[in-house]
Amino acid sequence: MIFARHLGARVWILVAVLVAAAILVPAANLWLPASHPLHVPNYLVPLLGKYVCYALLALALDLVWGYVGILSLGHGAFFALGGYAMGMYLMRQIGGRGVYGNPLLPDFMVFLNWKELPWYWYGFDHFAFAALMVLLVPGLLAFVFGYFAFRSRVTGVYLSIITQAMTYALLLAFFRNDMGFGGNNGLTDFKDILGFPIAARSTRAALFAASCAALVAGVLVVGAVTRSKLGKLMIAVRDAESRTRFLGWRAEHVKLFAFTLSAVMAGVAGALYVPQVGIINPGEFAPVNSIEVVIWAAVGGRGTLLGPVIGALLVNWGKSYFTAAWPEGWLFMLGGLFVVVTLLLPRGIVGTFDHGWDALRLRRRARLAERGGSSGATDAVPNPAE
Amino acid sequence: MALARALAFFLFAVTLAGAAPAPAAAQGVDPHAIVQKFGGKQSFEATEGVIGELAATGDPSVAGALRALGEGELYWRDSDQAVFIVHGRDDPATLLDPITGEPAGTAPQSSLTKVRIKNSIRNAISDALAGLTLRAKDPAVRLNAAETLFSEADAQGIAALDAAIAAETVPAVRQKMEESRAAAVLRSDRPSEEKVEAVKVLQHRGDRAALNVLNSLSASSADPVLHRAAQAGAAAIESTIAFWNQAQNVWYGLSLGSVLLLAAIGLAITFGVMGVINMAHGEMVMLGAYTTFVVQELIRANAPGLFDWSLVIALPLAFLVSGLVGLAVERCIIRFLYGRPLETLLATFGVSLILQQGVRTLFGPTNRQVGNPGWMSGAFDVGLMSVTWNRLWIIVFALVVFAVLLLILNRTPMGLQMRAVTQNRRMAAAMGIRTPWVDALTFALGSGIAGIAGVALSQIDNVSPNLGQGYIIDSFMVVVFGGVGNLWGTLVGAMSLGILNKSLEPYAGAVLGKIVVLVLLILFIQKRPRGLFALKGRFVDA
Chain A
-2 MIFARHLGAR VWILVAVLVA AAILVPAANL WLPASHPLHV PNYLVPLLGK YVCYALLALA
58 LDLVWGYVGI LSLGHGAFFA LGGYAMGMYL MRQIGGRGVY GNPLLPDFMV FLNWKELPWY
118 WYGFDHFAFA ALMVLLVPGL LAFVFGYFAF RSRVTGVYLS IITQAMTYAL LLAFFRNDMG
178 FGGNNGLTDF KDILGFPIAA RSTRAALFAA SCAALVAGVL VVGAVTRSKL GKLMIAVRDA
238 ESRTRFLGWR AEHVKLFAFT LSAVMAGVAG ALYVPQVGII NPGEFAPVNS IEVVIWAAVG
298 GRGTLLGPVI GALLVNWGKS YFTAAWPEGW LFMLGGLFVV VTLLLPRGIV GTFDHGWDAL
358 RLRRRARLAE RGGSSGATDA VPNPAE
Chain B
5 MALARALAFF LFAVTLAGAA PAPAAAQGVD PHAIVQKFGG KQSFEATEGV IGELAATGDP
65 SVAGALRALG EGELYWRDSD QAVFIVHGRD DPATLLDPIT GEPAGTAPQS SLTKVRIKNS
125 IRNAISDALA GLTLRAKDPA VRLNAAETLF SEADAQGIAA LDAAIAAETV PAVRQKMEES
185 RAAAVLRSDR PSEEKVEAVK VLQHRGDRAA LNVLNSLSAS SADPVLHRAA QAGAAAIEST
245 IAFWNQAQNV WYGLSLGSVL LLAAIGLAIT FGVMGVINMA HGEMVMLGAY TTFVVQELIR
305 ANAPGLFDWS LVIALPLAFL VSGLVGLAVE RCIIRFLYGR PLETLLATFG VSLILQQGVR
365 TLFGPTNRQV GNPGWMSGAF DVGLMSVTWN RLWIIVFALV VFAVLLLILN RTPMGLQMRA
425 VTQNRRMAAA MGIRTPWVDA LTFALGSGIA GIAGVALSQI DNVSPNLGQG YIIDSFMVVV
485 FGGVGNLWGT LVGAMSLGIL NKSLEPYAGA VLGKIVVLVL LILFIQKRPR GLFALKGRFV
545 DA
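Protein chains in written order, with my numbering: chain A, -2 to 383; chain B, 5 to 546.
In case anyone wonders, no lab produced these hints; they're calculated from the structure. Every residue, glycine too, gets a C-beta built ideally from N, C-alpha and C. Some hints could be false.
[To be verified] Looking from chain A toward chain B, a few residues come up when the C-beta cut is under 7 Å (computed):
id: 1; residue: 151
id: 2; residue: 158
id: 3; residue: 162
id: 4; residue: 166
id: 5; residue: 170
id: 6; residue: 286
id: 7; residue: 288
id: 8; residue: 329
id: 9; residue: 330
id: 10; residue: 335
[What the hints assert, rightly or not] Here chain A is said to cover these stretches of chain B; the calculated rule only asks that three of the stretch's residues, wherever they fall, bring their Cβ under 8 Å from a Cβ of chain A:
id: 11; stretch: 347 to 355
id: 12; stretch: 366 to 380
Can you make the complete structure from the sequences, with help from the hints?
Laid out in structure tokens, this is it:
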């Protein structure tokens, strides 16, 4: 109950909207006739599902950037690793239906003239194992990377740069054919997931609902963490790391926890993303992708639960719209967005709204206090996210 | 292949011979008469005999006929068995005189018959051509001929080489001839003592071709003395080659390092002074490269004679263009984000997207052609490694830029202020330094240097809107590795990353080598979070 109150009404509204979407969008796609005005066309379901995955990724980044102050420029790597783990499962599901009809080896391995499955592909024919890897691989990488980086107190832009180096190194590595992940073509031509054909409308609707559920879970987890005592500590580390350390807290442990949890969330987002878009390739590791995630969180408002979700949906909707309507202009707009948001809207949409709201409330209370003469405005106004 | 090469050399020889009439008449043999012997149906042996006769004249003017024969362009006319060169398959064919190359009328294809050849005859032709060129007038042609014979000459070639060596006056050419003669001796059945001598000559030569000859000798030779000599010679050559390979890797590494230095040095200054990472730095490099492109286009259109000067003209302009863009970015964006390095990173990334798309809209998304001036193209050999002029000039240029920057930082008032702000911004401000002004100038300077780096990179890389992206991550690595606030750190960082990268490449491949370097860097940062040459000071939060 306390947790519910702590989260605030807005977050519950978001959760309610997401749950409603998870039910209504598939329903409107599957059961409303195509002529019905509320019918959701087939192409829109995986597109919306993609956006929801992006929102989860943005939320994961927000956990480390908005709440702990670590600007990771490598979150796309965790997203892609989760995606590859899912992609490997989907590859194994193809079985003998590939172009070369090899029951054991994926097509690209047959093409490369490989004779047996590399050891790291073992187990991926079981969904449970693949799902475990979706959580474990990004989490483990983040844990090891974070352990070393935070222990030696790599902070600020240095940390941003080495996270970028990490995703860049992975990009180069996954481009190599010898890695056994399909080289620059990546993994694709998926047939089915858990026995359901992957391109079927009902499967896509279910995947969309699953993405929404994952996002709801993400919002609740991040909400629970940030509203806890640990969350207070995170904000302390963000705002004054040295002071927190001097007070006896282990700042690196706090950071490591947030970084690892965030990477796991990013991995889940990637795993849900892959079956909906039907492909995963090394391009997902590109440093530019990771920076774009940052702008989603920044537009919506970092340090809030609502912001990254709204930002990811808005920016990606804009991207889909403008890359079709005015392809030349999209990069100008994206670039402009980076500049405008950092210069004029550092709190993002949600943060600015809150800020304005708080200012308004302060003024009203001051006016009340003036009129009534009583000091009603003693409760602290929540510190707007910075 | 060898044939083609010999022919190519010969083409050269022929043009020379055309300028200076051949001494054929003086020797009393008429090459024209010999060439006519190709006419009429005859056996391959007879054809080979005629080739031998032609070679014996020692007259370079017969080369055209031999070359045409090798390419199947030598014909004889059915009516009178006269021999002509015919290019192409036009009908009626244009007849050319086989010796002078002058037009000699036309004839229908049906009245002409090709002189038949086979592979052994092709070999005879190439030998004859090589032997002829050994006596050419131009030392360069003789040198090439000697070089060609190295891999081809056998026992029969020794006599011709001996004669050529006796007549040779240029030491370098004579040495090549002697090496070729040694190779020929090793292929012949001369006595072992002579062969051991020849092994020594080849060992002195010390390159891959000599190694091949010695390796095949040590595999085939039955004589233990000779076998041992060949093996020792091959081992010595192998170690020489290994040394030069290493040298070549270091050279490539220095070359890559100088490119990294050029790209990173501007970044290092802005990062050092202002503590901000300029993600648009790569685009400043790109602007410099496009400035070069525009300058070259203008020169091509208006004053083609100035083309060799195009880079010199482009340098100050690129500095200005990128510097002004940098100044604008600093004044309009970065100064409002002071003290928020992460936001600066994001805002400058936005700027980089805008600049990229702007250039793409203006110049198109494809690569633009930027030419190399004469003094930038070509290559020369140092020992067994080849050095290209453009790489050499870029290394020199990078070092000059470095030295100039070092002078600016250490010897000018502005440099003093920049260093002061780098070390302690608030104290510098308290001492009356106008830090915003220093910031703006630093940013303009750093961007300007990126611009002139773009001029240099336009010579070795594709000039496209994505040019900058390729360098930005590597430049970060250099800065992070070298540490900020010290230009020497950038120099050492760039050169060691370059050399490390290129030394790993032969073992791990280019991509894996790069991954290894990145991983090593990430590990290095754990150990020294502020880079190799960190500023000393007592900071809690830097």
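Evaluation of the provided hints:
1. The beta carbon of residue 151 of chain A comes within 5 Å of a beta carbon in chain B, closer than 7 Å, and the hint placing it at the interface holds.
2. For residue 158 of chain A, the suggested interface contact is upheld, since its CB lies about 5 Å from the closest CB of chain B, less than 7 Å.
3. For residue 162 of chain A, the suggested interface contact is upheld, since its CB lies about 5 Å from the closest CB of chain B, less than 7 Å.
4. For residue 166 of chain A, the shortest C-beta to C-beta distance to chain B is roughly 4 Å, which falls under 7 Å, so the interface hint holds.
5. For residue 170 of chain A, the interface hint holds, the least distance from its beta-carbon to any beta-carbon of chain B being 5 Å, beneath 7 Å.
6. Residue-level restraint check for residue 286 of chain A is violated (minimum Cβ-Cβ distance to chain B is 12 Å; threshold 7 Å).
7. At a threshold of 7 Å, the smallest CB-CB gap from residue 288 of chain A to chain B is about 6 Å, leaving the interface hint in force.
8. Residue-level restraint check for residue 329 of chain A holds (minimum Cβ-Cβ distance to chain B is 5 Å; threshold 7 Å).
9. Because the closest C-beta pair between residue 330 of chain A and chain B is about 9 Å apart, greater than 7 Å, the hint is violated.
10. Taking 7 Å as the C-beta contact cut-off toward chain B, the hint placing residue 335 of chain A at the interface holds, the least distance being around 3 Å.
11. As drawn, the stretch 347 to 355 of chain B meets chain A at 8 residues by the rule of a beta-carbon pair under 8 Å; at three or more, the given contact holds.
12. As drawn, the stretch 366 to 380 of chain B meets chain A at 0 residues by the rule of a beta-carbon pair under 8 Å; below three, the given contact is violated.
The structure fails hints 6, 9 and 12 (numbered hints given earlier, in ascending order).
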